[in-house]
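With the hints as your guide, set chain B onto chain A.
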Amino acid sequence: MAAVDVQRPSDITAHPPGLARRKFWDKSFVIWGIVATIIGLGTLVTLVSDLLADGGHRLTPAFFFSFPSSDPAEAGILSAWVGSLLVIATTALVAIPVGLLAGVYLEEYAPKNPVTSAIEIAVNNLAGVPSILFGLMALGIFVQFLGNPARWFGFLPESFRVAGADLFGQSILTAGITLALLILPVVIVATREAVRGVPQEIRHAALAVGATKWQTTQHHVLPYALPGVVTGVIIGISRALGETAPLIMIGGLTFVAFLPITRPGDATFETIGVLDQYGAAIDPSATERVTIAHDGVVVLPDFTEQQVSAGQVLDLPHGSTVQSVANLGDAVASWSPTHWLGSEFTVMPIQMFNWTSRPQAEFLEIAAAAGLVLLVITLLMNGAAIWLRYRLRKQIKW
Amino acid sequence: MERDFTKKKVRWGESLMEGLLFAAAAAAVGVVVGIVYVVVSESAKFFAQVSVIEFLTSTTWTPLFDNPQYGIAPLLTGTFMSTLVALAVAVPLGLLVAIYLSEFASTRTRETIKPTLELLAAVPTVVYGYFALLFVTPILQRIIPGLPSFNLLSAGMVMGLMIIPYIASLSEDAMRAVPRAMRDGSFAMGATRLETAFRVVVPAAVSGVVGAVILGMSRAIGETMIVVVAGGQLPQMVTSPTQQGATVTAFIAQVALGDLPFGTLEYNSIFAAGLALLVLTLLFNFVAFYMQRRFREAY
Numbered sequence: 001m002a003a004v005d006v007q008r009p010s011d012i013t014a015h016p017p018g019l020a021r022r023k024f025w026d027k028s029f030v031i032w033g034i035v036a037t038i039i040g041l042g043t044l045v046t047l048v049s050d051l052l053a054d055g056g057h058r059l060t061p062a063f064f065f066s067f068p069s070s071d072p073a074e075a076g077i078l079s080a081w082v083g084s085l086l087v088i089a090t091t092a093l094v095a096i097p098v099g100l101l102a103g104v105y106l107e108e109y110a111p112k113n114p115v116t117s118a119i120e121i122a123v124n125n126l127a128g129v130p131s132i133l134f135g136l137m138a139l140g141i142f143v144q145f146l147g148n149p150a151r152w153f154g155f156l157p158e159s160f161r162v163a164g165a166d167l168f169g170q171s172i173l174t175a176g177i178t179l180a181l182l183i184l185p186v187v188i189v190a191t192r193e194a195v196r197g198v199p200q201e202i203r204h205a206a207l208a209v210g211a212t213k214w215q216t217t218q219h220h221v222l223p224y225a226l227p228g229v230v231t232g233v234i235i236g237i238s239r240a241l242g243e244t245a246p247l248i249m250i251g252g253l254t255f256v257a258f259l260p261i262t263r264p265g266d267a268t269f270e271t272i273g274v275l276d277q278y279g280a281a282i283d284p285s286a287t288e289r290v291t292i293a294h295d296g297v298v299v300l301p302d303f304t305e306q307q308v309s310a311g312q313v314l315d316l317p318h319g320s321t322v323q324s325v326a327n328l329g330d331a332v333a334s335w336s337p338t339h340w341l342g343s344e345f346t347v348m349p350i351q352m353f354n355w356t357s358r359p360q361a362e363f364l365e366i367a368a369a370a371g372l373v374l375l376v377i378t379l380l381m382n383g384a385a386i387w388l389r390y391r392l393r394k395q396i397k398w
Numbered sequence: 001m002e003r004d005f006t007k008k009k010v011r012w013g014e015s016l017m018e019g020l021l022f023a024a025a026a027a028a029v030g031v032v033v034g035i036v037y038v039v040v041s042e043s044a045k046f047f048a049q050v051s052v053i054e055f056l057t058s059t060t061w062t063p064l065f066d067n068p069q070y071g072i073a074p075l076l077t078g079t080f081m082s083t084l085v086a087l088a089v090a091v092p093l094g095l096l097v098a099i100y101l102s103e104f105a106s107t108r109t110r111e112t113i114k115p116t117l118e119l120l121a122a123v124p125t126v127v128y129g130y131f132a133l134l135f136v137t138p139i140l141q142r143i144i145p146g147l148p149s150f151n152l153l154s155a156g157m158v159m160g161l162m163i164i165p166y167i168a169s170l171s172e173d174a175m176r177a178v179p180r181a182m183r184d185g186s187f188a189m190g191a192t193r194l195e196t197a198f199r200v201v202v203p204a205a206v207s208g209v210v211g212a213v214i215l216g217m218s219r220a221i222g223e224t225m226i227v228v229v230a231g232g233q234l235p236q237m238v239t240s241p242t243q244q245g246a247t248v249t250a251f252i253a254q255v256a257l258g259d260l261p262f263g264t265l266e267y268n269s270i271f272a273a274g275l276a277l278l279v280l281t282l283l284f285n286f287v288a289f290y291m292q293r294r295f296r297e298a299y
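Chains as they are written, first to last, in this note's numbering: chain A, 1 to 398; chain B, 1 to 299.
One chain only, chain B, in its complex shape:
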């Protein structure tokens, strides 16, 4: 029998597989749409009863009281305070480690330390919560008399330790991507390794370093269990890290741990808080993206 080679053979198996592969990839879009849909639609029910202005301007968050007040500000101050403490710990340590590993350490040292350090990010956060509450806080209480046993300082510090690998690892990648020739130029002019690191390598890698810091920051903002366990769950306007406070995530988890009936205003309030969290994280993702484009050095 003659075969007609001018016609393309329809292969159903191939088309089926391609369809399947596409469906799997499209699932990622489905998840994003699902998250946004649930958070926005449930928040809409909340904002039908509570004005957006009260939500944004009131400084009291007491949705579980008889006379409920819904101001997101106390939760945001809690989130920002714990994140600030975390960054104060993680940025200097992470950058020191990154510069040391990329500019000073031998290949062998780097290959050993980097993956070991990445284990810090793999520790379950509830274990970190235990560590913050029962190890770090007692030590801090000896240094700072009068520190409450739940406080954002210890939660934030442990959160900082958790995000060190994100900052160190990604910054180190960015620094090592800086071409050898730029370092050689600097060395040829008589600069030391340290001078080369701070005046040539870090400025050239700044986009990656900023991206790494913002990634670590958004991890800290979204972190739940450490603050639930060690930060106390008291929503108040936080002005000092030694206070106890609730973060946006801690409030959501706290309500979920109780037994709130579906569809009540209190129940919907966790979705409003979730919306604030979603907006905040997307904002930082956008800023990171913008910074990376703005400061990108092309070689």
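Just chain A, with the same shape it has in the complex:
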């Protein structure tokens, strides 16, 4: 009888060799993951506290209501935030309708054909195009072509061409449209996702009782999709608010000491002559004849003040500023939409960039203060979008 070599089975409940080591690596990875996450989140905290430490003490009301100046102690962001507000308003007016309609078209209407695929490829590629290329496009089309009446289509009447060219060029309208095109993919993608999330039954019910396609879309699909669209719009707008490069391309100014909502003659604050980037006159000996529109003060380049009254005619050296006190009534009466749209501008990021590139430490302080304002606004907008998305996911149960 052959002996059967029976090996006693090892204890199958015992841990396999090396398990402790493998479990150790498993556990320690959690630490690595948390460290990496903390580096990411820590960057945000460091960013905010660095700006706060550098520029927090400059955030006074005067900072928000002063124009930029060659004296850092006096300088503020009035023209920058008003410019940002007007540019962003233009951007929203263009990007929201176009993005919304395009998104609805792609989800609800688009037939499966080469034209539709071309649109989809375009939208996907646009999202990856560097923002500065949008700036180059705007420079070529809106500034050099549409901003120059001689290059407009010749068959249009002269007056129309001049009026049109006034609006384009290095203007708020150009900036607004450029940023709108930049955030178009964001709005389109958000709209598509929101529209796709509306269940098919809703459409079928509307169509079954005789609604047309557009009636269905307008009254039944869009209302449900709206919160999702709003989320995308907020994220897009906050991105537009922080964009610098494309606006530098189309000639956003670094030194603007006037508000675009008043016409030059009625300016509450007007600088005489051409100034360099530091706010000093390029040609200090030149003078200009100015009719004062409102009672106020003239500040000469040597910082001496002189009282002036409405209707006075003065020869002012370049570099002086007229701070005439136009009351609210005057400003409203002289306001015209075509004027501010065609006006030159600066925006918050450009103002901050300009101050960052100055050597004096005082300018770096106000750069930090401007950056803090910009950062808080963008983070709040994104926070609102995240909150909205979260609420949305919790609330809607189909």
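I should point out that these hints are in silico values taken from the structure, not numbers from a laboratory. A quick note: this is a predicted structure, and the numbers were derived from the prediction, not measured. Virtual Cβ for every residue (Gly too), placed ideally from N, Cα, C. A few of these clues could be false.
[To be verified] Facing chain A, from chain B, some residues (calculated, C-beta under 10 Å): (1) Ile99; (2) Ile144; (3) Thr192.
[Unchecked claim] Below are the DSS-like pairs computed for lysine-lysine, each with C-alpha atoms no more than 30 Å apart in a straight line: (4) B/Lys7 to A/Lys112; (5) B/Lys7 to A/Lys213; (6) A/Lys112 to B/Lys8; (7) B/Lys8 to A/Lys213; (8) A/Lys213 to B/Lys45; (9) B/Lys9 to A/Lys112; (10) A/Lys23 to A/Lys112.
[Claimed, not checked] If you want a taste of the chain B side facing chain A, the calculated C-beta under 7 Å gives, among others: (11) Leu96; (12) Val255; (13) Gly258.
Relative to chain A, chain B alone:
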């Protein structure tokens, strides 16, 4: 009155709306055509005066000097160096975060951390530029003596922090799309979470992960303000990240900040640089697309 139900009623309002919707969607194509048209047509004026061979082979970029030289190579080395530094920061951190969030963290932790991390991508880039120049560089200067106050290292590192959310968020999406059953199979064989993550989940999600990295990379290539502020604007052949250098984007912005007359060769040179940037970005988009198709795992 009898209605003829066999005839289709023409609804002008409906057709009008459909036309309007189509026009809005077609605007996207218009923008792409506009960008390509402007960049190519203005570059054509540049290449009428400067040979393509000089543009591609010369190693000096001095368009604003009296004796101008137009070789794109210094700008490309600047772009590649800053992008490389950014990826060296963002890829390990982003992937660690993605694996942690998708395989280890609780749902609650993930739902809190992911959107908060996405705020990193929302910070205006000019603010990042300030941060790189006045916070990161001084710290680096203490570690690396002799580091110039403008350098691509600090610009690239901050750029890396900026693109962490792109890489982390999209990789995490791809990893979570891997079916539960594959993980369960791995766990049933006795693998730990870490082993499952690296041998099952990441290989299965590789197409999405590669796509995320390339997206982050193309963000870094196209980033302008951080390098303009913190990288210095000196176009030279960059061999080390501690040097200062100009990227393609930084050069374009630098020229725009000055006051160059329209139509001059110097002015057209920014469009040639823009063309290089456009080609580069489209190339990476294409590579990402190809990689995703090549490595896609079908479940």
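For each hint, the structure was consulted:
Interface restraint check for B/Ile99: the shortest CB-CB distance to chain A comes to about 7 Å, inside 10 Å, so the restraint holds. Hint on B/Ile144 is violated. Least Cβ distance to chain A is approximately 20 Å, over the 10 Å limit. Here the hint on B/Thr192 is kept, as its CB sits about 4 Å from the closest CB of chain A, short of 10 Å. The hinted pair formed by B/Lys7 and A/Lys112 meets the criterion: a straight-line CA distance of about 26 Å does not exceed 30 Å.
A C-alpha spacing of about 18 Å is found between B/Lys7 and A/Lys213, which places the hinted pair at or below 30 Å, so the restraint holds. For the hint linking A/Lys112 to B/Lys8, the alpha-carbon distance of about 23 Å falls within 30 Å, and the restraint holds. Distance restraint check for B/Lys8 and A/Lys213: the Cα-Cα separation of roughly 15 Å lies within the 30 Å cut-off, and the hinted pair is therefore satisfied. The hinted pair formed by A/Lys213 and B/Lys45 fails the criterion: a straight-line CA distance of about 49 Å is larger than 30 Å.
Only pairs whose Cα atoms come within 30 Å are accepted, and B/Lys9 paired with A/Lys112 is accepted, the gap being roughly 25 Å. Between A/Lys23 and A/Lys112, the direct Cα distance comes to roughly 52 Å. Violation of the 30 Å bound is thereby established for this hinted pair. About 4 Å separates the beta-carbon of B/Leu96 from the nearest beta-carbon of chain A, less than 7 Å, and the hint is met. Restraint check, B/Val255 versus chain A: the minimum CB separation of about 9 Å is more than 7 Å; hint violated.
A least Cβ separation of about 10 Å between B/Gly258 and chain A goes past the 7 Å threshold, and the interface hint is therefore violated.
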